[in-house]
Every structure is written in structure tokens, then in C-alpha cells.
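Residue numbers (our numbering), protein chains in the order written: chain A, 1 to 238; chain B, 1 to 238; chain C, 1 to 238; chain D, 1 to 238; chain E, 1 to 238; chain F, 1 to 238.
Some hints could be false.
With a Cα cut of at most 25 Å, we get these calculated DMTMM-like pairs of lysine to aspartate or glutamate [stated by the list, open to error]:
(1) E:Lys192 <-> A:Asp128
(2) C:Lys192 <-> B:Glu236
(3) B:Lys192 <-> C:Asp128
(4) D:Lys192 <-> F:Glu229
(5) C:Lys192 <-> B:Asp18
So the derived label-pair ranges between C-beta atoms look like this [stated by the list, open to error]:
(6) C:Gly203 <-> D:Ala226: 45 to 53 Å
(7) C:Glu236 <-> E:Tyr126: 35 to 43 Å
(8) F:Ala144 <-> D:Ile196: 51 to 59 Å
(9) A:Tyr126 <-> F:Asp5: 32 to 40 Å
(10) D:Glu236 <-> C:Gly203: 34 to 42 Å
(11) A:Pro231 <-> E:Leu214: 55 to 63 Å
(12) B:Pro173 <-> C:Pro163: 52 to 60 Å
(13) F:Ala144 <-> E:Glu174: 54 to 62 Å
(14) E:Met182 <-> F:Tyr126: 54 to 62 Å
(15) E:Leu54 <-> F:Gly175: 32 to 40 Å
(16) E:Glu174 <-> F:Gly55: 26 to 34 Å
(17) F:Leu141 <-> E:Gly175: 37 to 45 Å
(18) A:Pro53 <-> E:Pro231: 42 to 50 Å
(19) F:Arg147 <-> D:Ala226: 48 to 56 Å
These are calculated hints, taken from the structure and not from any lab test.
All residues carry an ideal CB built from backbone N, CA and C; glycine is no exception.
Number of protein chains: 6
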Amino acid sequence: MMISDMNWMDVERQVARDTRCVLPIGSVEQHAQLSLCVDVINSERVAREAAEPLGVPVYPVIPYGMTPYFTAYPGTVTLRIETLMALMRDIIASLRRTGFNRILIVNGHGGNSAVGALGQELMADYGDISIRLHNWWNAPLTAAKTREIHPIGTHANWMENFPWTRLAHAPAPEGEKPAPDMAAIRAATPQKAREILGDGNFGGPWQVDDEAALELWKTGVEETRAAIEGPWPELERS
Amino acid sequence: MMISDMNWMDVERQVARDTRCVLPIGSVEQHAQLSLCVDVINSERVAREAAEPLGVPVYPVIPYGMTPYFTAYPGTVTLRIETLMALMRDIIASLRRTGFNRILIVNGHGGNSAVGALGQELMADYGDISIRLHNWWNAPLTAAKTREIHPIGTHANWMENFPWTRLAHAPAPEGEKPAPDMAAIRAATPQKAREILGDGNFGGPWQVDDEAALELWKTGVEETRAAIEGPWPELERS
Amino acid sequence: MMISDMNWMDVERQVARDTRCVLPIGSVEQHAQLSLCVDVINSERVAREAAEPLGVPVYPVIPYGMTPYFTAYPGTVTLRIETLMALMRDIIASLRRTGFNRILIVNGHGGNSAVGALGQELMADYGDISIRLHNWWNAPLTAAKTREIHPIGTHANWMENFPWTRLAHAPAPEGEKPAPDMAAIRAATPQKAREILGDGNFGGPWQVDDEAALELWKTGVEETRAAIEGPWPELERS
Amino acid sequence: MMISDMNWMDVERQVARDTRCVLPIGSVEQHAQLSLCVDVINSERVAREAAEPLGVPVYPVIPYGMTPYFTAYPGTVTLRIETLMALMRDIIASLRRTGFNRILIVNGHGGNSAVGALGQELMADYGDISIRLHNWWNAPLTAAKTREIHPIGTHANWMENFPWTRLAHAPAPEGEKPAPDMAAIRAATPQKAREILGDGNFGGPWQVDDEAALELWKTGVEETRAAIEGPWPELERS
Amino acid sequence: MMISDMNWMDVERQVARDTRCVLPIGSVEQHAQLSLCVDVINSERVAREAAEPLGVPVYPVIPYGMTPYFTAYPGTVTLRIETLMALMRDIIASLRRTGFNRILIVNGHGGNSAVGALGQELMADYGDISIRLHNWWNAPLTAAKTREIHPIGTHANWMENFPWTRLAHAPAPEGEKPAPDMAAIRAATPQKAREILGDGNFGGPWQVDDEAALELWKTGVEETRAAIEGPWPELERS
Amino acid sequence: MMISDMNWMDVERQVARDTRCVLPIGSVEQHAQLSLCVDVINSERVAREAAEPLGVPVYPVIPYGMTPYFTAYPGTVTLRIETLMALMRDIIASLRRTGFNRILIVNGHGGNSAVGALGQELMADYGDISIRLHNWWNAPLTAAKTREIHPIGTHANWMENFPWTRLAHAPAPEGEKPAPDMAAIRAATPQKAREILGDGNFGGPWQVDDEAALELWKTGVEETRAAIEGPWPELERS
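Excised from the complex, chain A in its bound form (with noise of 0.2 Å):
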């Protein structure tokens, strides 16, 4: 259930029943010939699947993340992460006012997960909420399905690759890209590091067949609802 699809007094009701809510969150960035939009889509895609039949409400997107290492890619955005910190802060505290106060944050993109840190804090000011940080891609199960189709599953390559990321335009190169040297790349200033990793794919296949794809999609999914369904503490309503 979309916050976009209910008005205030449908949150009012809500909120008096089931104080979870759903907070997406991705990033603009490099992700080879693929959309610059990956993790926005699919943290919104993912959340929002794995909601529905829960009747959760899930929040809109936050479309933009930290990706510092990626600024020499055009068309990259990146905040500082006191930005996405004071960005947090605010939304949940908002949320928190309407009556929320299990708040699962679903991120799509590696360079958020400052994010969690910020979870834990809050929690400790507020004392009264609860905020987990759900990194879909690399939850358990999705990660054990991952290494099951391929044993690199990683950023911009075909693990990031659907049906809803891919541009017509810009058909997948066709086998395998060596590993860059991540070690290297992890060091090195963003413009170095763009010279080292070229397109942008950290290695593997760029593309497998739809089928695996979306046996992929479909883990992520239902760990995703999982996720949304607990665990979660026992709370009083402030």
C-alpha cells in the first residue's frame, strides 16, 4: 500500500491498527549501461511488492544516496552524509508523530548503510521505536541465491540487471568482465577509480536469462516481506 494511494485520513486509520511502516531508499549513480537509476527503482520496487499483501504503507523513494567513489561518472548525485543523516533524522521523526514506530528502512545501495548507524541512534534518543535497516540485495537468503546462479553477483553486473533496469538503448555487452582490482579502486580518488573500472560493472557477467533474474527478484522479495513481519519488539504507543 502506497502512501501515494491513501490520503490522511486513511493513514489515521491505519496507524491505529499496525504501527509498521516502510521507508525506501536508493541512489543515483554509474551503473554501467544500465538505468543511473537501479537503486531507486528497485529498493521502490522491492518495498513495495513485498508491502502489498501485508497492507503496510510504504513511504516515497528517497532517490538520493551517498556515492562519493562514483562522482566521475556524469550524471551521478551524492550527499554528504551529514545530509542524509539530517534527512533521516527528520523523516523518522515525522513518522514517529504520525504513530509509526517500527519503521523498516528498505535500501537498495552499498554506500547507505551509514543509514543503520543512524537507526540505532535514534533509538536510543527517542526509546521508543524501533528502525532496521533492510539491505535487500545482500539479506541472507537473496545473497544465497545470488552465489547460486553466479558466484559474482555485484554492482552494475547481472545481479542489478531486470525486465525494469535495463534501457533499450543500451543492450547488455554480451559475457563476462574480469574482476577489476577492487583493492585499488577502493583506494583511489574517484577519477583514478573510473579509469581502473571503466563502464562501471565491478566484474562478472553483465546480463544472465530473464528466468534466473527473476528467481532472483522473487527471493528478494519475500525476504523483503519477511523482513517487514519482524522481528520486532513490543512497544508502547507514545
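Given chain A, work out where chains B, C, D, E and F should sit, using these hints.
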């Protein structure tokens, strides 16, 4: 042309041809019986439809804005001024890094007007970009068209009621809402403001016939398109 | 009644009787041949004259505001948005601690309008105070009086030219200045804006006869006085 | 020469001749029976009188400073350290942009001393300006003159009691106030500090004869004038 | 080579030869019966022992980190994310000013991982330095050695129990602690987390024999030394 | 009693008995031929030796402070004011959460004095704690003892030269350094200040005989111990 339909190579080619881009910004807040996301939906949509024939890229909409006065209505999310400013600073820094130096912010929410002041500040700081804030709903031609249709076009009334912002399960009330005491509302705390304001419509008809509504929309799209076209100053590529 | 004419015991007695106070805010920025402090002088003076017969205390004027677009003119001082917001937050917190819970901000400078948004934010945060922003020069009656005197009343023209904002050594030019291209100015960097704008007057006569000017001033004082009087909500003493 | 008596062309000419300027800073806080604005009045006045014969411009006084320990006294306004620092950063950046690179901050309030540390930080950051903090009342000659008149010259006693800081309706008590337990006050919360401190005078006579007071003032003006004169380092125009 | 054993002339000579340096970071937080400073002690010590034969300078350890989830345990100190980020920004700016442009942060506490994201951000901002985060206890070889000794090596259990982190007056309990419900702990407020977690050990033996512990330590020192050695990118001296 | 020698149960018992604690703070900066860490070493050591017989816990020293004026000397680390303030805010909030409400900050560096202003601000904000700043080297008795030994006791001269701050490889120069022009240094940029100041000693003998030095140290320890003892206000446990 949505950024979500582009990869980084597309943007690299585009910015070499044309340094304009569009950034829509909305708000998640009460809109009476309409979607909580009216301002998100409309700012994204008007930007997309306006930009399409021009081939100017549209970045993902920032869904959250400043709306402290509606915080007594469930579902509403508000950002502190400093947070929205930080978010805009970082996004604009990223757009500039990519090479976009003529940026139109298409705003769908009156409470976000401080973004205009920030644009002026960034233009002074950088000295090599132009940023303009376009409040699509109250730009001169669109505001005139609104007055032509009905003397009262305001928050959550017919002026924001389009086929894509209505909820099937929550039809508009019949008739016209008497104008609430806006001076009292502005001086009141959110809880008191809600008591005065009731469902959230600022007065006037909840809905007009679709022909009139779509005529208003068409004016808004055209005026936004003209704003994308200019005026823009001559700027050296940084 | 100026705070500078009171000691702490005076304020203690005053706030027990009446919880209203006034905070003027200006800007140090180019005003063509007029004083750099036009907005400081006028906001302080209009607040003082308006408050005097009501016995409502007026705090010292904040002389610095947001004016990034004039930074190419020597002498101009501009604050970042976050700075002005922090300043207002702290001052208002102090006024509230003293017991003032109905605060009228008398603003003399268009660039400071984000202060209004902050007022709304603080009213939502505290829940026990009322803050209103009064832009004295464009309140309805004062703006109507301006149009009555001359169709163009704007920055640094006759509308801000009073006996107390003129400099003896720098008389106003004769005649009327043609309106500059304001759309181009708004989209330009400060250096380019100065090239277009020249002396800094936004167009129209530099000066009118004193009788008209003082009539405008009288309207401004009376409308500001009415704003101090209300409307104010009922508020419990915190 | 007050900035309020100058327009932007005046400043442009002045800074071409001489890159010094003066920025006074005060505090609105309890001063026993004296005006709440003692530190605003004195810092502005001493700066003005000192600068006048030198023709060095004096910017409008910043009326608000850091005084958390007096917050239990009505009328007092205090800024957080970060706020005052942000304000000073932005103002100094603006002065530097205009071309002023030798800036004397004339301070009238002990609680503002962190401004001196900020000056050092900005000098290190910019590398092309000089900023000096002048605490006018405890500069060596003025402090010596104070001791010469009476061994105890301190907050809100005779040392701050001038014809222009007195209130006609609130004459000074006769005699001398016994010194309160300052160590206890410094370790106490504001409420407790007020209980110990009573009217707010830190001890000693509330007033001395005007001849002595004006002699002290004259010393303060002269020593402030000497501080405006130098020493200043050689600096390249930026 | 500790910075405390160097003066500024020593550093000037050193940085002319080798631009690497090491910055350890810890946390003051509950570690069951062990010292509250386990993460401070170990990160400083592993950095020192690793750097010594290489002659690379080690800066004083930052003793405080992010640990909001342990705030119900007395003695624990936690920083907000923004605070730790500000601290790291300023220290790294200072190291870079001195000429150190290859900086290894040796981290002893899992909660500090946002420091890695900051390093990436600073590398993008500066474009002329390399910053790497080394979590000494879970680097690949050290983590493998841990698993070799006992399948559960975790917070406050044997893995952090060394002769220099034990307290003579508080011997380790005998035996193994059953694994607590970590999913429940992560979703809980600090008070509730303490109730579940008890003494603070995350499960497994409180202590193993010293031979095994010191073997783990030796692996940690060697792997940290290897991290100081590289890989580092080629960087121009700024 | 060092916090590093305590576990959380120890602190829980301690704070039930006595709510005092000590927080030392230093600076990493040039000290001529002495260790870059003089202020870290001394503030930690004086706090430890002073607290030991009282059984009051001493938290780990904050090694980094504010020293922008020495940034032209290699190895120096300086924090912005806002950073040090944020750090102190968070640490003090944590100490207060544990139950420590009488906090002595033992400072070893003159540039950190803004910490005293912050303490006053936090006391006003919380209303239930007492924070005192103790500048150990210029407390009255210690400063008097310094003057007794030699009229000039200042930065990096004999006054900071103890067996534990000397470096074996860098003996002190013989004789006395002529006093540099401190007024010129304070008004200068860091690079220029280094040119004037040379090795970094602010004048006077680089070293005196150990008997005198240790006598000074003993006075500093005793005066710091007295400061830990009080005066402290009566405070309710929060």
C-alpha cells in the same frame, strides 16, 4: 527525458550538447481527501511533460519538503529548513560537477519557497551557474488560468484535483467549502490549525469538471516548458 | 518601548501583563545612493513607532540578513540561510524562556522571507507560541498606498527614500530609472547582475516629494501597529 | 564613520584607500538596574567614537551574544556558540569580499570571548586577512584606569554605569554591594546563580561620580582608537 | 613511531621521506567484565606494534566513537554520527596540510564503520589523498584466525580478552555464554537490549588460553602492518 | 582511577557513591623541541595524579583541540570550534546519562578556552549538572609558582618541559630565547607567525633544572586535586 531512462554515457553525451536540467521537488502532506502525495505527483509530472519535447533531462523528484503547519495531520512528513537546504546544496553540487549549469527547480509546494533563496546563495558562491525556482502552480499564466476557472484556487481544493491525484476510494465532497480564517490558521499551532481547518481544503470547490482541470494542467505544462527554455544567462563551462 | 530602555525587572513586570514582543530584522546591502542600512533603519523605526503607544517591547534590530544577489556591491553583508535560521532559533528560544509567546517579527528586507518558514517550524516544535512575520513594506494597506503614489515602488527607489535613509552627500538623481530586466537579473550571477542593474535602484523615480513619502510611512506604521495588536491565538503560559 | 552613513559607492572608494574596518559586538542581558542593552550601547559607542577621527568605517553592532549563565533573568537573550560563530563567519566573509582585510572586532561582553578563537581560525583558513578581538573594557590601559578609580570594576557595577546606560526610572542603589561568591556562581545552574546574585551586580558600588566614569570612558575610547590604528600586518589585497 | 615521540621538526623530515601515517580510533563502551576501554587499548596497540618496524607515524588514538546501543550500560560514551564525522574531517584536513596523503585509519570498533564512508567522501572532495579504513579485528586473515580458534569470536568475548584488556579485580566467568537473540537486540531500545544481553558479552567463551589469544593478536598486528604497507595509489604531493 | 581500569559494573557502583568525574583535554601541536603531544601528556597526567587519592574516575584524554595559529608547523592538528563543541556536547551528554553530574574538565591548552563557554551553555540547558573548566597550568597557585621560578613561563618553554615531555633525541637549546613580538604574531597568518616565531618557544629558557620543574608539577597536581574536590553545588540526581 527522465534520468531513470538514461545511463551515465547518455548523460555524458547530453551535457556536451545542452547544459540544462530539471529538478522537481514536492511534499508529502495532507491534501484533504486527495493523495498525501499531490505535490510529489504534480511537480514530477509537470516537469516530465514540459521537458519531454525539449529533450532536457529530469532528475528524480525530491518527495519531501517543508510543511510544519500540517504536522497534526497523520502521514505528513516535514523537513527542517536546514535539512532541505543541505539536500539541495549537495544535489546541485552534483549536477554542477556533471556539467549542468542551468538548473530549473520545478516546485510543487508553497512551503518550499526558501529553496529560491538558496538558489541565489549558490549562484553567488559558485559564480558559474544559474538556478531558477519555478513554482509551477502560481507562475503568472497558470495563476491567471486558475482565476479564470474559479476565483478560489488553493491548497487541496479543485486546483490540485486531477485524475492522477484523486483516490478512487475517497471521492470529493460536493459543493464548496467556506473559506477558513487563514490569518488565524497562520498564527496557530499545528493542532489548533487542524481544528480550524478540518479536512484540510483551504476553501472553495473540492472538484471542478475534468475539462477545466485539464485545461489548467495544460497551461501549467506549457508555462513550465517555457521556463525550461529560458531566460538563461550566458555561462562559461566550468 | 525599546528593550534598551528597560532593565530585567521591567521586563519581568511587563511579561506578567502582556506576552507580546516585537523583533525587527533588516539587511546591510546596496540601496543605490541611499544608506547601506536602509532596511535596518526602516524596520527598527517602523517597529518602534508602531509599538510605542501599545507599550509592547521592541528588541534590538538584527542588522544582517540574506542578500547574496547583491554581493558584488561593496559594503553588502549576507548571511547563509542556515546562519539566519540559527540566529532566529536562539533568539526566539530566549524570548520564549522570558515568557514572550506572541512574537511579531517586523522584517524590512524581501530576501529574509525564509524567516517566515522558520516561524512555522518553531510553532510546530514548541506548540505553545505564536510567531508572525510582518513584511512591513508589502503588507496589504502599505502596498496599496505605494501603488497609489506611484505604480513602481521597489528596491532602492522612492519607496525606500525617506529623510532618515538619505545621505546628505549623495542626493538622488533626477527623473525615473527605466525598469531593468528583472528576469535576467534573477537568473544572473551577482557580478553580471550588477552590470545589468547599475546603481542598484530597481527602476522608477529615485525620490518623490516628502509629503507623499511620509504619508506612505504613516500607513506603514499604522499597519504594523495593527499587526502587533493581532490576531493572536489564545495560548497558555508555558 | 558609520556604515549607515555610507552608500555602496562610498565604501568602494573607502576600501580602495584603507582596508581597515570595525565590527562591534554586544549582548542583551541583565545589568542590574541598568539597561538590558549596556553591552550593545557601549561597544557600539566606543567603536564609533574611536573610529571617527580615523575615518575607518564601523559596521552595525551585533546586538546578541553568549550569556547562558544569565538566562534566569527576564529579557536576556543568549546565542549558542555555534550560532555566534556562524554569524561571525558569514559577516567576516562578506567584509573580506568587499576588500576589508584588517578587521577589528570591538567586543563589549566577556561571554563572547570565543570570537577571538574564531578570528584565529579564519585567519588560518583565508591566509590573507587579519582579525583582532578588542575587549574594550579590559584592555590594559582601560583596566588600569578602572582599578585606579575603584578596586572592584565588574559586571553591572559602576564600571558599566554611564549617563547613556542608566535608566531614568531606575536609579542606582546607594553604597556598595558585597562581593558575591563568584566560584559558587560559576559552578551553579542559572536559576541557582540568580538566587545567589540577586539584582545582578557582581559587587562593588553601583555608581561613581560622573567625572570618574567619563574619565574611564575617555581612556576606553583612546585605547580602542589605538587598537584600530594597529599593529596590523602587511597583507596583499586579495 | 608515535607522534608523541616526535616534535614538529621530526614530522617535517618524516613527511618529506614518506607520506603515510596511521590514525587509530576506538570507543569507550561496555565490554562485560573487561575494561570499558577495550577498543581504545586494542586499536592504539595494534597500530603501534604494526607501524613500529615501518617507521610510519601513529597519531594519538581517538578514544570516543559511536555506540548508541550500549548507552544503558554505565560508563559508555557515544558520539552522534555528525560529531564523529566532523572530528574526522578536521583531523584529516590537518594531516593533509602537514603533507600526509596516505592515511590508514585503524579502527577497533564496529560501530564506527561510517568513518569508511567519510573517507570515500573526503577522497572525492580533495582528489589528492588516499584514506583507507582498516577494521583490524575483522580483516580477512584475522577473522580467519579467530574462526580457527573458536567458531564464535564476538563483542566482549574471548576475542577481545587479552592480558592488557583484562582487569585484575574482575576475572572472566568460566565456560561459554549462550548466544543471545541478536536480531531482537538490534531491533530493541538500549534499555531493552541490556535486559536481553545481561553482562554484555555477545556469546561464547569469556576467555581462552593466552597462547591462542596471543596468536590471534600476532595475526592482527601482521595484517595491520600489511595494510600500512599498501596498496596505496600514486599521488602527487599537494 | 582511570576509566580504562574499570568495567561498566565498576562505574555503576562508583556513580552510586560519588557523581564526580574528570575529563582531560589536550592538543597535538608544535612545542618547539618538545613532543607534539605536550598538552595531551600533561593534561592526562595531571588529571590522573590529582584524582588518584580521591578515587574519582578519569575519562580518556581528548587528544585534539583548537590551535589554528600553529597550522604552519608540521604535525599540528586543529579542530574547528564547532567540532570541539560537538564533541564536548556528546561526551558530556553521555557522562550525564551515566549519572555523573559534577564534571571537571582538566584542560592543558590555552586555545581550548571556548570549552568553558560551552560548559556554561550546557549547565543552562540541562539545569541539573555542574561543569567546571580547570586550566591546570594557569590556575592561581600554579601560575604563582611559575612566576616564582622564572618570570616568563609560557608555551613550549621550561614551563612545559618535564622529564615526560622531553624527547631524548632533541635536547633543549641552552640559554633563553628573546621574547618574540606577540602582538604581531597574534595579528599574523599562520605562515607569517611561524616566520616570526621560529622554533615555536614563546620566549624565555627552554629548560630549568628538574627540581624546579617538578616542584611546579607538584603544585599543579595539588591545585587540580583541590579543583576536583570542589566547590560543587548541591544537585539532585536526575
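The hints, checked one at a time:
1. Annotation: proposed proximity of Lys192 of chain E to Asp128 of chain A holds, straight-line Cα distance about 10 Å (limit 25 Å).
2. About 13 Å separates the Cα atoms of Lys192 of chain C and Glu236 of chain B, which keeps this hinted pair within 25 Å; it holds.
3. Pair hint Lys192 of chain B plus Asp128 of chain C holds up; C-alpha atoms about 10 Å apart against a cutoff of 25 Å.
4. Distance restraint check for Lys192 of chain D and Glu229 of chain F: the Cα-Cα separation of roughly 20 Å lies within the 25 Å cut-off, and the hinted pair is therefore satisfied.
5. At most 25 Å may separate the alpha-carbon atoms for a hinted pair to count; Lys192 of chain C and Asp18 of chain B meet this at roughly 22 Å.
6. Checked against the given bound of 45 to 53 Å, the beta carbons of Gly203 of chain C and Ala226 of chain D, roughly 47 Å apart, stay inside it.
7. Checked against the hint of 35 to 43 Å, the C-beta distance between Glu236 of chain C and Tyr126 of chain E comes to roughly 53 Å, which is inconsistent with it.
8. At roughly 27 Å, the beta carbons of Ala144 of chain F and Ile196 of chain D sit outside the given window of 51 to 59 Å.
9. Checked against the hint of 32 to 40 Å, the pair Tyr126 of chain A and Asp5 of chain F passes, with Cβ atoms roughly 34 Å apart.
10. Checked against the hint of 34 to 42 Å, the pair Glu236 of chain D and Gly203 of chain C passes, with Cβ atoms roughly 39 Å apart.
11. Distance hint for Pro231 of chain A and Leu214 of chain E: a CB-CB separation of about 38 Å, inconsistent with the stated range 55 to 63 Å.
12. Range check, Pro173 of chain B to Pro163 of chain C: about 56 Å between beta-carbon atoms, so the 52 to 60 Å window is met.
13. Taking the beta carbon of each, Ala144 of chain F and Glu174 of chain E are about 56 Å apart, inside 54 to 62 Å as hinted.
14. Look at Met182 of chain E against Tyr126 of chain F: about 34 Å separates their beta carbons, and that is not inside 54 to 62 Å.
15. Roughly 38 Å separates the CB atoms of Leu54 of chain E and Gly175 of chain F, a value that falls within the hinted 32 to 40 Å.
16. At roughly 30 Å, the beta-carbon separation of Glu174 of chain E and Gly55 of chain F lies within the given 26 to 34 Å, and the hint holds.
17. At about 54 Å, the beta-carbon gap between Leu141 of chain F and Gly175 of chain E misses the expected band of 37 to 45 Å.
18. Take Pro53 of chain A and Pro231 of chain E: their Cβ atoms lie about 48 Å apart, and the range 42 to 50 Å holds.
19. Judged by the Cβ atoms, the range 48 to 56 Å given for Arg147 of chain F and Ala226 of chain D is violated: they are separated by roughly 28 Å.
Against the hints set out earlier in the document, violations occur for numbers 7, 8, 11, 14, 17 and 19.
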